[in-house]
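K.L.:
The residues making up each chain are set out below.
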Amino acid sequence: MTENRHKSIGLSDETAVEMYKTMLLARRLDERMWLLNRSGQIPFVISCQGQEAAQVGAAFALDRSKDYVLPYYRDMGVVLSFGMTAADIMLSGFAKAEDPNSGGRQMPGHFGQKKNRIVTGSSPVTTQVPHAVGIALAGKMEKKDLVTFVTFGEGSSNQGDFHEGANFAGVHKLPVIFMCENNKYAISVPVEKQLACEKVSDRAQGYGMPGFTINGNDPIEVYKYVKEAAERARRGEGPTLIETITYRLTAHSSDDDDRAYRSREEVEQAKSNDPILTFKAYLKDTGAMDEKMEKAIDAEITRQVDEATEYAESAPYAKPEDALTHVYAEEQ
Amino acid sequence: MPVVSYINAITMAMREEMERDSKVFVLGEDVGKKGGVFKATQGLYDQFGEARVIDTPLAESAIAGVGIGAAMYGMRPIAEMQFADFIMPAVNQIISEAARIRYRSNNDWNCPIVIRAPYGGGIHGALYHSQSVEAVFANQPGLKIVMPSTPYDAKGLLKAAIRDDDPVLFFEHKRAYRLIKGEVPDGDYVLPIGRADVKRKGEDITVITYGLCVHFALQAAERLAKDGIETEVLDLRTVYPLDKEAVCEAVKKTGKVLLITEDNKEGSIMSEVSAIIAEHCLFDLDAPIKRLAGPDVPAMPYSPTMEKFFMVNPDKVEKAMRELAEF
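Protein chains in written order, with numbering that gives the first Met the number 0: chain A, 0 to 331; chain B, 0 to 326.
Just chain B, same shape as in the assembly (with noise of 0.2 Å):
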């Protein structure tokens, strides 16, 4: 199997989808002759042409209005926020139309829109070029929020996303774009949106986790190995609708458990694993629930070394995972 980086992976599941269907094209900010500014959709262009990768205005609720229209058509739009964080100005059409738009008509109407950005720190991006937006989206019912680890996870779940009849917001971690490299088959494959994936299994203490810190927990996971303590890693995957069988699962085989998010945690995606791990499995825990996100503070700043403060990284992972192991 050819290994590919994360955004290569992310380039084919598109090129594919566009060669299988026609009703798929993308729009966004820089999509078309330049392929994007971080190049994800290099190539396309060439291969489709500009009536099928449009370079859109400026304009991200348009992007995003635009988007919804075709899909409400029967198009299969993918758009492209350029960074997660300028997603703000869509957030009307994203949760007041795209989000409610099978609701709210009865059935009658739907919109298979998927909306692509990439997100996350660790690139001197500062508050702007680094944020994670996820819990903003993840107590919308009506959309459904990825965010693959993996080549692999990326490619299946893009596609997967794609041919969903429901609204998909796409988040890829920026800095795995060309850090993260594995194995994709060269072929279609999709997989299911809304499961949790099993990243590495053990038996003494259970991380949940999503995204560029699967990778953290995976790398510190080796180093506890070492010590003889085994730890169980749950990649999310899918981050709203959460998986709750596979999280109540993973809780209980260990009885101890690490949620870990870049993001803020006041309000995370971590905050609602952990109530429901509360509601559902308490008596199977063995410690307190344990948390490691980012500091509350508005975004992550531009200078090395605050950055570095607040980056989830191996060290930080391996720390509290120690800690967890020990209690």
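So that you can see chain A by itself, here it is in the shape it has in the complex (with noise of 0.2 Å):
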């Protein structure tokens, strides 16, 4: 039998099913996606598939009533980890007024809503790395226990804003855990041709903070290695870099065409490490889930991503006009 490693850090088998569930559910809301695009409903698509088990079990060890989370474009698993629902996702895949993240104004993938501490995101990538450094840097003038967890891709480590952004929090100690989620490529480009050094975590050395490589695919073990970076966060020892090592099993989005670039073979063979396939086999292993609960999830995910997928078609597109507004704050 399996060695059961999420008890042995005190995670429940009840939460280690919900985790389960939330990568379950980014899946199926992303392939739904892709299925609204191809049949010419939804404009555009990018993904999460293959990072889905960084992403969850980085936003589970978060504190998820108090801490900010800023996300990359692929963080579908953070957002619905904070709050964010499968309608909210399909409102923004159809660009129709309720989006809670722009209103349909942008593009889906961009996050946002504060209400869950999801901050606003654009797509020049990185700019969010010292957004997080401010907000931690305000928490911490305000006396607040909170931390701020900001993710990006490994080709983004490259920009200046994560080394500038990085060597902030270094120097004032604060609370934040930079997590990368290395997928491989940056869009075509392969991680060799985008790193010097031999791990993006090696650059925390440059930082004054600890770094560590860690296998994204695994949840338990991104949430053990989370939870710690928030721990020290919380106790003042400031931030913490984690690579996350995943696949990008997608083109880069949906209009990217990745046979250009790599090669079939590679994409089956990370396909059979898949994290949602290999987390639920160890979740049946070590018996937190059985052949009854898998199926009544899979049904009650369907379930939900049918029903976000309808709610959203029939919703109201903003009225045109409504580009005009929230330039500026309404005048008083």
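The set of hints was computed from the structure by calculation and includes no laboratory data.
There's no promise every hint is true.
Said to hold, decoys possible - If the Cβ cut is set under 10 Å, some of the chain A residues that face chain B in the computed set are:
| id | residue |
| --- | --- |
| 1 | Gln112 |
| 2 | Ile134 |
| 3 | Glu163 |
| 4 | Gly164 |
Small disclaimer: the values here were computed from a predicted structure and weren't measured.
Backbone N, C-alpha and C fix where the C-beta goes; we use that ideal spot for every residue, glycine too.
Relying on the hints, combine the two individually framed chains into one complex.
P.N.:
Take a look at the structure:
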């Protein structure tokens, strides 16, 4: 029988299954968005597929009642864990007025929802890193016990904003968790053409913080490292850089064809390590989930995705002239 | 009313706002112990401590970006760029982030940051310590750009900028810092962002300008007055978004308008002011719109001869005003 690793780090069977459900919901929503895109119903999709374990494992290790997350565009697993709903995701996919991220103004994947402390993001990569540092600084100034969690790809770890933000957080010992989701590709450019160092986590040393490279396909391992990083942050011991090794199972986006730059064999090989499959197998092997539960979860998630799709599809668009609102605060 | 320098008015505004609201803080390079390379934050470190007057690493995108994060959280950061010329590494944060945060989140988030920066030439600062950078940002809805000319305006407008719920770029003419003095009340007052101000009333010609050039225009107007030519001087104060009504009113009053900026002429703030006039009050003009500006070269040279050639000054303003009056 497989070793029960979640219990040894204080996770109940229920929480472990909850993590699986969140991962699966992210995956099924993402798959549905591709179907909608390929059938001409939504213009764009950018995927979380392959990275759900890292996203959900990390988010569950945070305090979801007070911590702030600054996700990047693949982080559906993070935002679902932080309170965004399936309907919210689909409203964003269909660019409807009720989309809490942006009211249909931004492409899908540009998350933001203040009530859940999901900080609004943009398309130029890595700009969210200094924001995470600023929120951590503000929390420290206001004597709040909060941690900020910011994610980015390995390609983005080359951006100045990553280095400037990490250095600032290191100098001021701020409660920030920098998590790189290393999915091996920055669109088409492989990691060996992105990094002059061996690992993204090697960069932590330059900024006076611990750096770890861990298995991003294992939500339990990610949970453990992020939990420890959050505890260090709350003790005033400063930031941590965690690199999660994952694989991007889809093309970069619905507008990309990855056959031009990576082999099918490589992708098929990665699919055999798909974290949805491996975590499901783990939960069954450890007895946390049985066949009956698995089927019930599948059915429940299919129902959620169907309902969310139906709801979003029939929801109204913003009025055309709503494009003019919210440039500045309304005049008092 | 006490007479204070332009830079002291700026320090007063920051001190009073930091005393009023614990969420206001300052971050930038050398703003702490040193009190800023121009001394704009002098005394703040001693009064408020290093937690609220933060000497940052030398990295402008982080100064802006960390400030933006803190502002989204609900703080009121005042980020200082040591020179306006050095704002360029932070442009992505200012334009892609600060300017768009309210709009892109459909009013869910907002970003009440002030970014202060000394701009302008005439101080032997050469290409990279003399530039006017406002035109870079003046087509970015979501931003406000304030450029005061007097100590009174500087204090009232900086306070307004700090209390504003949206991002404000606050550009201070570095030559005005100690050159320009004026009466400034000790107590609290704020001036409205987005409103121009008539600095001199006149019936014959109109000058529209901002920043240090306001003083050049006022000096030249004195000289013209001796010959019986009365000049209306409109100080834009906020260069983005522009006070279109005040511009049109000032143009209609005299029918002759001179637009002055120390920035390069092409694509400057005055290009937009010209367009507003052409669009809204062309038939009130008795003479073509006249512009006086820096030449269209990349930036201000170091040598005194070339620097003087580049800079607007009261003599150049007077000449342009006389030409316009005689049209």
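K.L.:
Are the hints correct? Go through all of them and say.
P.N.:
Verification of the hints:
For glutamine 112(A), the shortest C-beta to C-beta distance to chain B is roughly 7 Å, which falls under 10 Å, so the interface hint holds. Interface hint status for isoleucine 134(A): upheld, as the beta-carbon distance to the closest one in chain B is roughly 5 Å, under 10 Å. Because the closest C-beta pair between glutamate 163(A) and chain B is about 4 Å apart, less than 10 Å, the hint holds. Given the 10 Å rule on beta carbons, the hint for glycine 164(A) holds: about 6 Å separates it from the nearest Cβ of chain B.
Comparing the model with each numbered hint stated earlier shows that all of them hold.
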